[in-house]
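*Asks:* In case you want the letters, here they are:
Number of protein chains: 8
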Amino acid sequence: MTAAALLQILGEVERGALKPHEAAAKLATLPFEDLGHTRVDHHRSLRTGLPEVIYAAGKTTEQTVAIFGSLRRDGVDVLATRVALETAEALVKAYPEATHNPLARTVAYRSSTSSSGEIRGHVAVVCAGTSDLPAAEEAAVTAETFGAKVTRFTDVGVAGLHRLLASRDELLKADVVVVCAGMEGALPSVVGGLVAVPVIAVPTSVGYGASFGGATALLGMLNSCSPNVSVVNIDNGFGAAYSAVLIARASHRSNV
Amino acid sequence: MTAAALLQILGEVERGALKPHEAAAKLATLPFEDLGHTRVDHHRSLRTGLPEVIYAAGKTTEQTVAIFGSLRRDGVDVLATRVALETAEALVKAYPEATHNPLARTVAYRSSTSSSGEIRGHVAVVCAGTSDLPAAEEAAVTAETFGAKVTRFTDVGVAGLHRLLASRDELLKADVVVVCAGMEGALPSVVGGLVAVPVIAVPTSVGYGASFGGATALLGMLNSCSPNVSVVNIDNGFGAAYSAVLIARASHRSNV
Amino acid sequence: MTAAALLQILGEVERGALKPHEAAAKLATLPFEDLGHTRVDHHRSLRTGLPEVIYAAGKTTEQTVAIFGSLRRDGVDVLATRVALETAEALVKAYPEATHNPLARTVAYRSSTSSSGEIRGHVAVVCAGTSDLPAAEEAAVTAETFGAKVTRFTDVGVAGLHRLLASRDELLKADVVVVCAGMEGALPSVVGGLVAVPVIAVPTSVGYGASFGGATALLGMLNSCSPNVSVVNIDNGFGAAYSAVLIARASHRSNV
Amino acid sequence: MTAAALLQILGEVERGALKPHEAAAKLATLPFEDLGHTRVDHHRSLRTGLPEVIYAAGKTTEQTVAIFGSLRRDGVDVLATRVALETAEALVKAYPEATHNPLARTVAYRSSTSSSGEIRGHVAVVCAGTSDLPAAEEAAVTAETFGAKVTRFTDVGVAGLHRLLASRDELLKADVVVVCAGMEGALPSVVGGLVAVPVIAVPTSVGYGASFGGATALLGMLNSCSPNVSVVNIDNGFGAAYSAVLIARASHRSNV
Amino acid sequence: MTAAALLQILGEVERGALKPHEAAAKLATLPFEDLGHTRVDHHRSLRTGLPEVIYAAGKTTEQTVAIFGSLRRDGVDVLATRVALETAEALVKAYPEATHNPLARTVAYRSSTSSSGEIRGHVAVVCAGTSDLPAAEEAAVTAETFGAKVTRFTDVGVAGLHRLLASRDELLKADVVVVCAGMEGALPSVVGGLVAVPVIAVPTSVGYGASFGGATALLGMLNSCSPNVSVVNIDNGFGAAYSAVLIARASHRSNV
Amino acid sequence: MTAAALLQILGEVERGALKPHEAAAKLATLPFEDLGHTRVDHHRSLRTGLPEVIYAAGKTTEQTVAIFGSLRRDGVDVLATRVALETAEALVKAYPEATHNPLARTVAYRSSTSSSGEIRGHVAVVCAGTSDLPAAEEAAVTAETFGAKVTRFTDVGVAGLHRLLASRDELLKADVVVVCAGMEGALPSVVGGLVAVPVIAVPTSVGYGASFGGATALLGMLNSCSPNVSVVNIDNGFGAAYSAVLIARASHRSNV
Amino acid sequence: MTAAALLQILGEVERGALKPHEAAAKLATLPFEDLGHTRVDHHRSLRTGLPEVIYAAGKTTEQTVAIFGSLRRDGVDVLATRVALETAEALVKAYPEATHNPLARTVAYRSSTSSSGEIRGHVAVVCAGTSDLPAAEEAAVTAETFGAKVTRFTDVGVAGLHRLLASRDELLKADVVVVCAGMEGALPSVVGGLVAVPVIAVPTSVGYGASFGGATALLGMLNSCSPNVSVVNIDNGFGAAYSAVLIARASHRSNV
Amino acid sequence: MTAAALLQILGEVERGALKPHEAAAKLATLPFEDLGHTRVDHHRSLRTGLPEVIYAAGKTTEQTVAIFGSLRRDGVDVLATRVALETAEALVKAYPEATHNPLARTVAYRSSTSSSGEIRGHVAVVCAGTSDLPAAEEAAVTAETFGAKVTRFTDVGVAGLHRLLASRDELLKADVVVVCAGMEGALPSVVGGLVAVPVIAVPTSVGYGASFGGATALLGMLNSCSPNVSVVNIDNGFGAAYSAVLIARASHRSNV
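Protein chains in written order, with the numbering used here: chain A, 1 to 256; chain B, 1 to 256; chain C, 1 to 256; chain D, 1 to 256; chain E, 1 to 256; chain F, 1 to 256; chain G, 1 to 256; chain H, 1 to 256.
Keep in mind that the hints were calculated from the coordinates and are not lab data. Each hint should be verified, as a subset may be incorrect.
[Unchecked claim] DSSO-like cross-link-like pairs, simulated, lysine-lysine; straight-line CA separation at most 30 Å:
(1) K93/C / K59/A
(2) K19/B / K173/D
(3) K19/G / K19/F
(4) K19/E / K173/B
(5) K59/E / K59/B
(6) K59/A / K149/C
(7) K19/G / K173/E
(8) K59/C / K59/A
(9) K19/A / K19/B
(10) K93/G / K59/D
(11) K59/E / K149/B
Please construct the entire structure, taking both the sequences and the accompanying hints into account.
*Replies:* Below, the structure written as structure tokens:
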């Protein structure tokens with residue numbers, strides 16, 4: 001059933017051709033989603049005001065370029081994640097105003113409308129070692145594309161606490177903290193003990209041997225003794241930033 | 001939104017107080033499920049014609065007795081699974097017409113209406129060893145309560161193929177076969193190679209050491225080299241029988 | 001012992017050279033399978049009426065082409081699965097009437113006899129995301145080659161329920177549903193709650209990090225709270241379709 | 001080094017007995033935490049304004065009662081989690097104004113000062129089945145004790161979507177959603193697709209066989225296809241509520 | 001089909017009522033196993049000359065006593081393994097000539113015929129620590145009941161090689177060695193390097209923490225750098241002895 | 001301490017320069033192994049009379065060729081396993097009398113002395129599917145090189161029992177059976193139920209998805225319900241054959 | 001071969017009845033360990049000067065009391081670990097000079113000789129939470145019984161760094177640090193970054209859900225980003241202290 | 001806060017512009033680490049006197065060369081581990097005095113100052129098979145670069161104990177033993193039983209099938225029955241040597 005079909009039913013009620021109770025019976029099983037069918041693709045974006053996101057892993061360059069272009073034509077901001085180098089180059093060639101971040105493996109497009117917008121909330125992105133940077137940058141670029149201010153804290157692993165403690169004052173200014181760490185994944189617990197805001201932990205696949213591709217860091221973070229820590233999938237900088245932006249926005253509005 | 005609310009909107013359209021397109025906008029987000037809210041509890045049962053099922057594990061005796069009675073009063077057949085002995089005795093005391101199967105840990109109630117019904121489909125329940133009987137009986141009782149004919153094949157493990165091969169002719173008469181096995185879980189593959197109907201495999205927690213509570217049997221069944229095998233959770237005789245009954249009914253109707 | 005040998009024994013009985021009880025003793029340990037030895041290869045196919053299947057993974061192009069040709073010459077339908085591109089091209093070159101589906105990685109051959117046959121049963125193939133398409137297409141092509149009608153429902157993941165709910169009416173027409181999903185593998189539970197027929201769930205290896213190559217989706221599906229769900233191995237679209245076709249045929253005959 | 005020692009150093013500087021650069025050298029390695037040593041216990045509570053929390057598992061009744069009393073005397077609100085029945089009864093006997101929630105296994109004490117306070121933020125606590133209630137109630141009681149408004153949505157598992165969809169309007173009013181589910185853990189993905197706020201997922205140990213004590217639900221949630229989902233440890237209703245309250249407060253302030 | 005049925009067919013051939021080729025067609029699908037059906041229970045025992053074995057775990061005392069008595073009446077030797085104390089006492093009370101070994105959790109019955117028999121082969125049972133004795137004794141008692149000579153080597157773990165090396169000469173006399181070890185499971189590798197006969201390794205559930213109930217010992221034994229080591233399930237002293245006896249017998253005959 | 005040193009001590013005793021009890025004290029800590037140091041490399045081969053084996057995986061072509069040549073010069077038979085194609089070609093080029101089996105990935109050299117030897121024992125090598133052939137051939141070639149007669153049974157998986165049952169008579173002639181199977185690893189249980197000799201099970205890495213590289217087959221075999229089954233590492237055809245040869249030899253001598 | 005036998009050989013050499021080279025051949029395979037057989041039990045203790053240790057888990061009270069008494073009579077110090085309460089009470093009753101530590105589950109006996117000895121080395125025992133105390137106390141008591149000075153640092157988990165940092169100066173005085181932690185196991189990494197001596201990490205089984213009985217802490221510690229961390233088994237306070245004492249002694253001697 | 005800021009505060013105290021108690025309040029939250037910020041990078045090296053270490057895995061050749069050069073300019077010794085061949089060649093080309101060890105994958109630079117230093121402590125590096133050499137050499141080179149004497153014991157696996165026992169005297173001279181082993185990882189237990197010093201065990205990824213990339217060796221070592229064994233991550237020769245050097249130094253000083 002389409003919107004047209006619904007209007008037809010309602011029109012019949014208006015004309016008296018259909019009784020309300022008859023219409024109610026028809027509508028009881030209404031696949032109402034069909035009404036919004038053409039909006040489904042943009043449903044999340046419209047509701048949250050956040051850009052459209054393309055997860056490029058497993059898509060061909062052609063598919064990614066086509067989807068990117070289709071979304072961009074609709075005037076919404078677009079963020080492509082996990083973009084292979086070849087695909088990224090094709091995107092930037094096709095849409096020169098798009099920005100490629102090779103470390104984060106992202107290509108972002110912000111329309112002039114959106115990019116004129118004010119900054120909404122402050123996300124800290126903390127990263128244990130330089131090897132964790134791909135996940136951390138994916139988080140940082142996502143948060144920036146989604147309109148948040150981002151402060152990066154790099155290479156502040158727990159084996160040298162001085163580096164983290166030295167940044168505590170800066171860290172305390174953020175509305176929410178994304179922490180990326182591999183190996184033993186201890187950093188979110190330490191950061192969680194220093195701040196009074198939510199911490200989103202991103203285990204990374206950095207490590208070898210008994211790191212089991214990030215599973216050890218993941219398990220460590222889930223067992224954090226700091227109660228303000230929640231966790232996303234291994235290397236999922238995007239997901240961490242998505243939740244972080246929702247939190248930062250709410251916090252930001254409250255600080256105005 | 002309730003049915004009353006829907007009728008009110010439609011009434012306003014009928015009276016001309018609301019334009020069709022205005023009503024359409026309101027209905028676009030209509031939580032239509034509320035209309036059917038009072039049917040939710042019996043939704044699956046009504047649609048499939050199968051009895052209501054109570055998973056008694058984790059429920060108190062009082063809760064189980066109360067729910068059982070409530071469903072029974074609605075005239076539907078009721079099957080309670082994973083019923084502890086104490087709870088089973090309370091159920092049978094409260095509803096003497098209910099049947100308790102201690103091995104299967106089930107209590108079943110079939111109304112006179114349903115129990116007069118014809119048998120619909122034929123389910124074979126095959127079981128590798130006597131220790132697998134609890135899962136097998138749960139499957140058998142479920143299938144019988146749901147109206148299928150059940151033939152049991154017990155203690156036909158693969159280490160003594162003669163026993164299974166001797167029953168082949170009988171086995172070939174079933175519309176679908178449920179196979180319960182623990183330890184290495186090899187029986188579904190062998191049965192799958194003998195029959196031409198779907199096989200639902202139930203790994204059981206029977207075993208010790210590297211059986212890991214049934215995980216080994218589960219993994220073995222998922223890797224079956226017989227293509228007509230699908231698998232349910234460890235010890236889930238109920239779930240296997242549920243799918244089996246749906247299959248047997250369809251097959252049965254086609255054999256009439 | 002060969003058929004000739006059996007005939008010799010029976011001939012001796014006929015001639016009175018051997019007493020029935022003596023012959024019985026000899027036949028008690030009769031490796032009767034030897035009689036049917038040359039039919040072994042076609043045993044399953046003859047019994048079920050389904051095509052021969054070649055699992056091409058791990059076979060050389062030469063081996064696959066040879067087996068395909070041998071089966072085809074016997075007049076049976078043939079389906080090769082997990083066919084690498086190079087092998088597929090060799091098959092189509094050798095047997096131009098065969099059909100290659102690159103997404104499904106299948107090559108199918110249907111004889112004029114079989115393809116004239118009527119459609120037997122209706123299988124819905126539902127797929128959570130575009131990345132799940134290889135498994136879904138393997139299921140769809142298998143079901144079609146085996147003579148079923150197939151309806152595809154693509155990209156209806158649980159994070160956007162509208163898309164699935166909008167297709168509910170179509171979905172309800174199927175005799176059985178195959179559901180392919182990776183990541184958290186939640187789709188079979190949701191579909192299982194919407195339909196009244198068996199659901200065969202196919203976990204896919206789509207995902208990263210804690211998806212552990214499909215193990216997470218597999219475990220999720222095995223724990224489905226919908227009782228009409230059974231599960232096959234990761235990415236095993238073929239196996240799901242095999243069981244689904246057996247179910248759909250039975251259902252179909254019953255609907256005639 | 002104590003506060004007295006620090007004052008002594010500073011006094012020496014004031015008197016000119018120590019040069020600033022000499023004092024700086026001494027202070028460079030200052031274990032400044034000693035200064036705040038007696039505040040350590042209340043550090044988190046003072047900073048966040050949230051109650052003190054006692055994790056009672058693994059503590060004796062005597063220890064728990066003593067710690068509870070000590071904290072209460074300091075005038076702060078107190079929440080004890082994972083409280084065994086015997087311990088809970090001892091707590092309520094000792095501190096009659098404390099509230100015991102047997103399902104949540106919590107004992108909470110709110111001082112008259114704090115309990116007069118306004119509600120700060122709105123947390124939805126969603127729960128797949130009645131067996132998930134202990135984790136859900138732990139989350140709900142925690143959030144309430146921490147000053148948030150809580151709305152509970154119980155028994156809305158994905159196998160019967162009608163129940164959840166019927167509550168969508170209510171759900172959309174929350175600032176943050178805590179979702180508790182065992183078995184396949186699919187509910188957070190579905191809820192995440194319906195709302196535009198952060199979702200904190202709590203896998204529960206509800207299930208059997210291949211649920212592996214909640215590991216399956218945990219893995220499923222970590223692989224959620226909804227990007228606004230983050231996850232805490234199995235059965236960790238407290239931790240989910242802790243993060244949720246921090247989010248809800250920020251959101252709440254912004255809505256004023 | 002029964003033996004009677006077969007005789008009937010053969011009788012018809014004898015009488016000329018059935019042609020040999022017609023009988024051959026019928027017999028091609030003959031479920032010949034039915035002929036031997038009543039021998040199934042004693043099939044393995046009769047073929048190998050080894051005693052009947054009852055795996056008592058999961059059987060009630062009544063069931064175990066009944067089966068034990070039934071087998072004993074047939075004149076065969078009987079070995080019951082994994083016998084709970086209560087059941088063992090009932091067995092010995094019912095059959096005073098049976099022998100209960102509490103450490104091995106076995107009850108054995110050897111008929112006067114069999115026990116008069118000669119010793120057939122020599123099995124060494126080696127055990128790393130005193131905690132491994134239950135598995136080792138299960139192996140030793142099994143081998144003895146099955147007619148082998150057994151030499152025990154106890155408490156010869158690899159952390160004190162002197163103890164093992166001091167027994168090397170004795171060890172070299174065995175036809176096969178069963179090695180039981182928990183924790184890191186290193187002993188089979190060391191023993192395998194000292195002897196020139198097959199080693200059957202039994203991982204035991206002895207250990208704590210990362211021994212994971214014997215899984216660590218199991219994995220270690222499977223990775224043994226000694227090529228003459230094969231492995232059975234955790235704590236499966238019976239299975240190890242079963243294979244060992246088969247090997248020792250063959251070796252023994254060859255030494256005569 | 002060297003042999004020279006030992007002789008010196010004994011010489012001193014002979015000369016009366018050292019008292020027996022003084023010499024005993026010195027010898028108590030004698031590292032006697034040093035005496036045999038130069039024989040260590042050939043120790044196992046000399047003791048068992050079996051060929052030297054080179055595990056070529058992880059060795060360079062140069063290293064493998066050098067070791068092979070060194071052993072060959074000592075007049076012993078040599079078997080190299082896991083030989084990459086390039087290395088195999090180099091070996092055959094260097095030692096034209098060596099035999100390369102590409103499927104088994106072996107290169108074997110038997111001296112004229114040894115190859116004239118009689119066959120010692122009979123090993124059956126059974127294999128579930130053609131994909132399991134590499135492990136099966138490694139076992140077969142190993143057993144042949146070690147002097148056993150080998151009978152191969154290929155493609156007799158449990159999904160088509162006819163094929164295996166048809167070979168039962170042949171199978172019963174072997175002194176020991178090596179069974180190679182991947183996927184669910186059910187074949188050793190079935191074979192174990194048919195024969196009265198030891199079965200050495202080789203799980204193979206054949207399979208996909210939940211076969212987890214052979215772990216599922218491994219676990220299945222360890223849980224075999226046939227008591228005469230023991231297991232070696234995944235794909236370890238060599239190890240299985242090594243134990244099998246030791247068993248077959250003992251059996252063979254006994255059959256003379 | 002016994003000492004007597006050795007003396008006999010040497011006597012024959014002395015008498016000229018045996019030539020040195022003949023004796024050398026006999027001694028080449030001498031199981032010299034037999035000479036020291038009665039010293040085996042005290043071998044480790046004599047060599048290291050450390051007390052004898054009884055691992056009481058899995059031993060009966062009677063066995064433990066008997067072994068304890070036997071060792072004590074030999075004049076060596078004795079430490080029993082993992083002692084159940086009942087056994088501990090029996091030990092203290094039998095040997096009143098023994099000391100029972102219920103938290104550590106140890107019973108220790110130090111002879112007047114040994115206890116007069118000087119302190120040898122300084123071991124710090126650090127513990128993340130009060131629930132980790134059993135493992136920490138087992139380590140502390142072990143180190144003290146073995147003659148080391150022990151300093152305890154309790155409840156200094158990483159979620160509140162102030163507590164640990166405040167103790168840094170004290171911590172720096174130790175020769176080696178044992179760190180016990182459950183949950184995410186992050187503390188050894190942080191401690192390892194603060195000190196310049198070896199850290200022995202003890203994962204504890206403290207935690208729930210995804211702590212998997214201490215496996216998460218174990219994995220985290222193995223992946224520590226501090227290079228001076230090595231790890232022992234879960235809850236193995238004894239083993240950590242054993243290595244720590246060996247290290248502390250060496251360090252201590254060097255500090256004299 | 002910087003050192004300048006601290007001096008300013010202290011200056012204000014000196015001038016009387018700030019009271020000591022006011023300054024104390026400010027300093028209570030002093031991020032004192034900032035004072036030492038520029039020393040952070042060399043903190044560990046300065047404190048321990050050990051060289052700087054670069055973990056080159058995951059760094060580009062350019063990055064590694066730049067960091068190496070920067071550290072070298074500071075006059076400290078430098079050790080780069082896990083260096084790919086291409087990077088190693090670039091390092092040696094840039095810094096010809098650096099030493100490349102291809103087997104260990106290390107590049108080391110020792111300044112003339114440090115290399116003149118005396119040897120401090122004696123580390124034995126024991127290795128089960130030649131395939132374990134990369135980890136063993138990483139350990140040996142690390143220990144040598146850090147100033148220890150290293151003795152290597154290669155190819156002394158437990159399947160041929162003679163080789164290890166023959167080296168016992170040499171082994172007993174070391175202050176600490178690093179043992180590298182793959183497969184079943186049994187060697188550290190055996191070595192631990194022979195020596196009276198700490199053993200650091202390094203599981204290696206050598207093996208196949210159920211070695212699971214070194215996890216089996218890791219688990220085996222953690223369950224060692226020798227109490228003087230502690231363990232590091234799979235293939236972590238560097239970490240083992242780091243702890244070993246700290247131990248050897250302490251021991252060495254004590255032996256002077």
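*Asks:* Let me make sure I understand: some of the numbered hints might not hold for this structure. Which ones are they, in numerical order?
*Replies:* When the structure is compared with the hints, none of them turns out to be violated.
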